[in-house]
Every structure is written in C-alpha cells, then in structure tokens.
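As they're listed, the protein sequences go chains A and B.
Each residue of the first sequence is one higher than the one before, counting from 1 in the numbering used here.
Each residue of the second sequence is one higher than the one before, counting from 1 in the numbering used here.
Rather than coming from a laboratory, the hints here were simulated on the basis of the structure.
The model shown is predicted, which means the values in this text are computed figures rather than measured ones.
All residues carry an ideal CB built from backbone N, CA and C; glycine is no exception.
Treat the hints with care, as some may be off.
[As the list claims (entries may be wrong)] A few chain A residues that don't get close to chain B, going by computed Cβ distances all over 12 Å:
#1 N47
#2 I83
#3 P87
[As the list claims (entries may be wrong)] Covered stretches of chain A (in silico footprint by chain B; criterion: 3 or more residues with CB under 8 Å from a CB of chain B, positions within the stretch not fixed):
#4 145-155
#5 207-216
One letter stands for each residue in the lines below.
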Amino acid sequence: MKFTRWLVTALLASGLGVFAPRTAAAQHETAADLLDGERAFKNSCANCHGPDGDVIPGIDLGRGRFRRTMTDEELVRIIRTGIPNTPMPASQMTVEQAQKIVAYLRSRASTVRGGALAGDPLRGKSAFDRATASGGCTSCHRVGTSGSRTGPDLTDVGSRRSTVELERALVDPGADVAPGNRTYRVVLKDGTTVTGRLLGHDTFSVQLLDTKEQLRSFAKPDLREQGFLPSPMPRSNLTPQEVADVVSYLSTLRGQ
Amino acid sequence: MRHALRLAVVFALAAPLYAQQVTFDRILHGDREPQNWLSYSGTLMNQRYSPLAQITAANVKNLQQQWIWQAKSLEKFEATPLVVDGIMYTVQAPNDAVALDAATGRVFWTYAYTPAPEGRPCCGRVNRGLAILGDTLYMGTIDAHLIAIDAKTGKAIWNTEVAKASARYSITSSPTIVKDKVIIGTGGGDGPIRGYIAAFDAKTGKEAWRFYTIPAPGEPGNDTWSGDSWKTGGVGVWNAGAYDPDTNLVYFGTGNPAPDWDGSKRLGDNLYSDSVVALDADTGQLKWHYQFTPHDELDYDATQVPLLADVQWQGTPRKVMLWANRNGVMYALDRVTGEFLKGKPFVKTNWLDGFDAKGRPHQVKFPTPEGTLVHPHVHGGINWAPPAFSPRTGLFYVASWENSGIIAVQGQFPRVMSSNSQQTAMGQTTLVPFYNDDTEPFGVVRAYDPKTLDRVWEFKMSDITWGGTLATAGDVVFSGGREGYFLALDARTGKLLWRASVGGQVNAGAMSYAVNGRQYVAIAAGNALFSYALPAP
Chain A
1 MKFTRWLVTA
11 LLASGLGVFA
21 PRTAAAQHET
31 AADLLDGERA
41 FKNSCANCHG
51 PDGDVIPGID
61 LGRGRFRRTM
71 TDEELVRIIR
81 TGIPNTPMPA
91 SQMTVEQAQK
101 IVAYLRSRAS
111 TVRGGALAGD
121 PLRGKSAFDR
131 ATASGGCTSC
141 HRVGTSGSRT
151 GPDLTDVGSR
161 RSTVELERAL
171 VDPGADVAPG
181 NRTYRVVLKD
191 GTTVTGRLLG
201 HDTFSVQLLD
211 TKEQLRSFAK
221 PDLREQGFLP
231 SPMPRSNLTP
241 QEVADVVSYL
251 STLRGQ
Chain B
1 MRHALRLAVV
11 FALAAPLYAQ
21 QVTFDRILHG
31 DREPQNWLSY
41 SGTLMNQRYS
51 PLAQITAANV
61 KNLQQQWIWQ
71 AKSLEKFEAT
81 PLVVDGIMYT
91 VQAPNDAVAL
101 DAATGRVFWT
111 YAYTPAPEGR
121 PCCGRVNRGL
131 AILGDTLYMG
141 TIDAHLIAID
151 AKTGKAIWNT
161 EVAKASARYS
171 ITSSPTIVKD
181 KVIIGTGGGD
191 GPIRGYIAAF
201 DAKTGKEAWR
211 FYTIPAPGEP
221 GNDTWSGDSW
231 KTGGVGVWNA
241 GAYDPDTNLV
251 YFGTGNPAPD
261 WDGSKRLGDN
271 LYSDSVVALD
281 ADTGQLKWHY
291 QFTPHDELDY
301 DATQVPLLAD
311 VQWQGTPRKV
321 MLWANRNGVM
331 YALDRVTGEF
341 LKGKPFVKTN
351 WLDGFDAKGR
361 PHQVKFPTPE
371 GTLVHPHVHG
381 GINWAPPAFS
391 PRTGLFYVAS
401 WENSGIIAVQ
411 GQFPRVMSSN
421 SQQTAMGQTT
431 LVPFYNDDTE
441 PFGVVRAYDP
451 KTLDRVWEFK
461 MSDITWGGTL
471 ATAGDVVFSG
481 GREGYFLALD
491 ARTGKLLWRA
501 SVGGQVNAGA
511 MSYAVNGRQY
521 VAIAAGNALF
531 SYALPAP
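Please construct the entire structure, taking both the sequences and the accompanying hints into account.
Encoded structure:
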C-alpha cells in the first residue's frame, strides 16, 4: 500500500506515464516469446531507443516509462504504424511480433528492481556523499579530482552508462564488470600480494593500477600466482528509492 | 667519472618504491634524481643532460635494444618522453597521451584525444611531449587546447581552449611548468594569427596571464609593424620555454612574422618576432628581449628551446643563454639582462656581415624578385630540434645541417634556381633539402665551446637531421637523423662509438632514465619509440 502510494507520487512528480494494467492476452506469453521479443527489440528498436530503451528523452522502455500511459494495444499499434510526424517509423511487424516486443518490455520493466521509481539527483548526491563520508563510494571511485582511482572513475559515468547499467552496478555489482575495471591479483614469489585494476596483460607481463594508486608492471616469471578477483564493489544496502536517487545523480555526471 | 657513476647509481637505487607527487621543486632540481626525466629537456635549463653514468664512452658499444613501442600514428614522432619513477609518458601524434612501463614498454593506459579537423598547421600534426606537475600531465593539442590528464588513470581532468583552431592557432610544444602554472605558447605563426604565450592555473586550467608576441597599439614595439599588420603578424611559439629561479624569468623563443616571405606588407622590425622574450613568471610582463632576425623575410624563426648554462665568460662566472638559431648564427646572451655577448655563424651564413654594439645584425643579403643567393635557406641551419650542454665537458652540442645555394624570392615561396627540383616544404618527412650540387646538403652533429662559440668537433652525416642531441655524464652524446640511425658519439671528440639502425627518421631528441638501477636511453624514430640499455648483469 505504502509502495503504491509512493509510486503514484513519484510518477506524478516525474510527469511520466507508465504501462497501463496488462491485458489478459498479454499475460500468457512464454519464455520463448520473451526471448523473441528481446531479439526483435534489439534488432528493430534499439538503434534509436538504445539497448536499454532509455536513449530518447522522456522515454525509458526498460522501465516502462512513456510520455503518457499506454495500453498493450496502443503499444502494438505504435510499433506497427509508427507515430506520424515523429522519427518513430512504421514497421512490417505482425501483431504477434509486436506483442512479443511489448511482452519483453513489460517483463523487463517488472524485473528491474526499483525501476519504476523516479530518482532525485539532489537526494542521490546526498546519499552518495553520505556513503562517502562513511568510507563508501569515493574510497574506490573518483568524481572530478576527489576520491580514489582504484575503482572506475565516475566523473563522466552519466555519459557512458545507461540508467539501467548504473542501477545494475549498484544492486548487483559483479554481474557486468567492464573489461577495463576487472580486479586482478598477483602473488610474487616472495609472497607479496598486490591487487588492483587490470590495465593490461600479455604472455609475459601484467599491468595494474594497484590499491595504493600506483601503476605497477610485473613479469609473469616473477609471479607465483595470478588471477581475477570478484568485483570488490559491495552490494548496496540502499533502499529502492535511494538506489533510484543515486542512479539519477550518477546520470548527471557527464564530465566537462 | 667514478664519482659521477657512484652518484648516479645511488640516486637511481634510491628511487622511491612508490611514485611520489612531482612537485615543482623536483622539476626545478631534476638533476638530483637522474633516474627520472621530469620536463621536456630534463630540467628547466634545457641542457638535455643526463647525470646517469652507467653507460659510458667505453661501454656504449655494448648497448642493446630493450623494447620498442609502436605508435598508431603516421605523423612524425617528435615527442621526448617523460619518466617518473619507472613510468614513461609520451604522446602519440597528434594528441594521444600514453603511459608505459619504462622497463618493458608495455602500455598502462592511453588517453585518446581527437583534435578538431581544422587543427592543421604548417609542418605536420605533431607534438613534442607532455609536462607533469603533482600527479597531473599537461598536453597542448594541435587544435590549440591545453588538457590536464590524470597521470595514474589517463582520464582528462580539464580541457581549456587556449586559442581558436579555426583561426589557425595550434600547439605543438611541450608545456612549461613554473611553480603552480602551466605556460604554453600558440603555434600557427606562419598563418595570420597574433601569437601569444599564456599561463594557466595547473589545478583549474584558468588563464592567469597572457603575453602577446606582437604588441598592441600603445604598447612599446607596436610601431615596428606598419599599418594593421600587427593584427595578423604571426609570431607563433613552437617550443618549450626555460626558467631560471634566480631571475624568476621564463624564456621563450618566438616564430617568424607573417606573411613569411613578403615583408612589404609589414614594414619595420616586427617585434617580437624571431626573438627570445624574458617574461616575469608570475605576471607575464616582458623584462627584456633580444631579436635575432629583425624584419625577417626568410622564415628564420626562433623555434629552438633556450638553453641556460652557467659558464666562465671572459674569466667571470656568468649566467648565459646559448642559442643555435635557425638563421645560422649561434648566440651567447646574458640571461639576466638580455645583453648580447657574442654571435657567430655555426653553418655557412651570408645574410649578415656582423653586429652593431648592441647585437643588432647587419643584414647584407635581401630576397628580391630577381633572386638572391642566401645562406642558409628557409630551412635554416636548424629547426626546432633540441640541443644539449654537458657540465662535464663544458661543450654545447647541436645537430644541424648545411643547406645552401638557394634563391629566395620576395613575396613567393622560395624558388629553386638549381638542378634540384625535388625539394619539398619544410617539416615534411619527405623533405629534400635545397642544394646546387650533391656536396652541399648534409646533416651534422657539432660540439662548440660556449665561451668562444668555436667549433670543437663535428660528426657529418650524408643526409640532413631533424633530431636533437642528448649529453650524458658517461661522456656520450646521442643523436640521429633522417637516415634512420641512432648514434652514440664521444662527447669529447665526436668519434662514432655505436649506432643502431632504427628503420625510420629520427625526428626527436633522445633522453635517458633509470629503472631499478639500470640506465636506459630512449629515442623516437619513424613511428616508434626505442629504448636501449647495457646487457643485464
């Protein structure tokens, strides 16, 4: 009840529409239908809407947000006929194909944790700073010239990552680590252990930015052990609203 | 010698395990940590002298290649790398900054910058290197921006537009760090710009002061430009400056006036073109200047770095500035006052026959429509390539070329009046020197006595050179040229001690550094960076 009231408030505040209640027909899709829908979305829609459906301002397909509330039927019609006088074109899809895309998007919107929540960047910055004050975010991350370099730099993360990706990084940090952000550990023959962000490695050498922010290079014959470590980023203990707020704040970080 | 070796090894081994902040004091006293190379020419005196002495005239013949790093660029590789506590930083032209393991050449990170397409000045989309202060690198870009880059991660911190690339400004030089400021000049002076040198706050990128290389109306020197020619008189700045903490002056060479070969539209001396300007490092105020080539119509710009040395001048210790200029004349100036001490041709030179009491050259050859034989020609005796000075030998080392027999024609690009019709514009890798017969053009490394400007020795090459020189405490001078050889010469005699075929033109100055007590010498050639050391013990 509380959540519903909050949701309504958030939607009113954001001015966004959402998926209307689902039709009976749309609730019988199978997993294969969703997979088909995902493929069709990525092939036909993602070019303009982005892989997470959040590239066009005011629309976030991954969270089921539109400029106004939409029923399934309306969505199917728009997918097939387009929207006149806008860049949204008509397609050759059958009703069944369009329904699968809608089913995929509904499925995705319902599984993105907190995805229906609108974030407040100011509250998000406060949460980020609070976490920083208690040894959180900037003990690994850097924004501008503040914070540590050991984790991914967040100075322009809003221009590099979608909101869905940012949210995923907060709630499930190990799910999708970019190649340049992987954590690596080397153990020298004398037992010295060094961990850091892997910058490069080849048959004979390893390059890291270690946890003391030093660029380090090692010859592999000098190593006793080496390998990847799980992401040191802890799962967030933020509430869904706080996650949405922090994501909203991170989205505003676009460098210079 | 033994002492120098010991000292060098102690310093090298004393390198901190972890990189410390590069303070301005460290830059100013770069010679105290010979394992590092903290500014374009090693120190702000621009002596390009390494106190490392593991590699000596006796053992340099044993040098072995340690690694090669291939730049993903077809532009000329003119950058001198920096080395800070085992990490090497260089520029892949035009403007990608790269961090490498100085012992292996493996890459830590690359900062890729795409300059605006209009950033295309005369003579290639090149870059001569980075500067560092704290843990921030600074890079001037070919589209006239100055960018601060995190030395640990390769992320940009700030990006300041120094000047408009669309107005034909550019930057090719390594920035010069003085205290908390990053000082850089604008290139592009062969076009209709009004050049300047500006200082920027190292933390924020905000401009702190600006000195125009062409005075505005009402300022001293503006009357050396006829009409409105001062507005578009060129006078770019193509290379790094020098700094003397005792005078608190920063010194820069300035470029030629524009249009290059037609002085009729800019009558007068055209201050401060083809000059060295001494500026207060805190305010940018001009303290003194010396103009090497008044009213230049031969493109004799002072693109070289000022080299500061303390020498016995006529029996008295004197703070001097040594300068082998593109106009074919070598100079000794008092760097405190700007007093002209001596000038003497270092290549075949016929455009002047002497100086007045204040050091103003007496010009006797002038370009004419019907043609005049001028030595040296527009390629000059040297271009931007950095020289060296060894406090051990007391000699000044210059890589230059002889190139003569050319007719300069007023108002036009100099026209060939000889059998060589294949000449190409200066600065291009395909450059063919001007000459009348095959004996005339050659590259040469020469050593000079700074007290007399007399030549002490020379090493001749078949082709010309755009490479610089490096002197070391091992009494070796490293250099190279267009032929694609990296050379080691005896610093006292000029005798060839070692050479490596690097398979591409040497268009940069060499530098030296140490990692874990082992001395390396690095040189850019072709599109790659090479590092050499003695065999591992």
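Cross-check of the supplied hints:
The claim that N47(A) lies off the interface holds: its Cβ sits roughly 24 Å from the closest Cβ of chain B, which is beyond the 12 Å cut-off. Look at I83(A): its CB is around 35 Å from the nearest CB on chain B, clear of 12 Å, so calling it non-interface holds up. The claim that P87(A) is not at the interface with chain B holds, since no C-beta of that chain comes within 12 Å of its own (minimum 27 Å). Remark: the stretch 145-155 of chain A is confirmed as covered by chain B, as 4 of its residues place a Cβ nearer than 8 Å to a Cβ of that chain, reaching the required three.
Restraint check on the stretch 207-216 of chain A versus chain B: 6 residues with Cβ-Cβ distances below 8 Å, three needed, restraint holds.
In the structure shown, no violation is registered for any of the earlier numbered hints.
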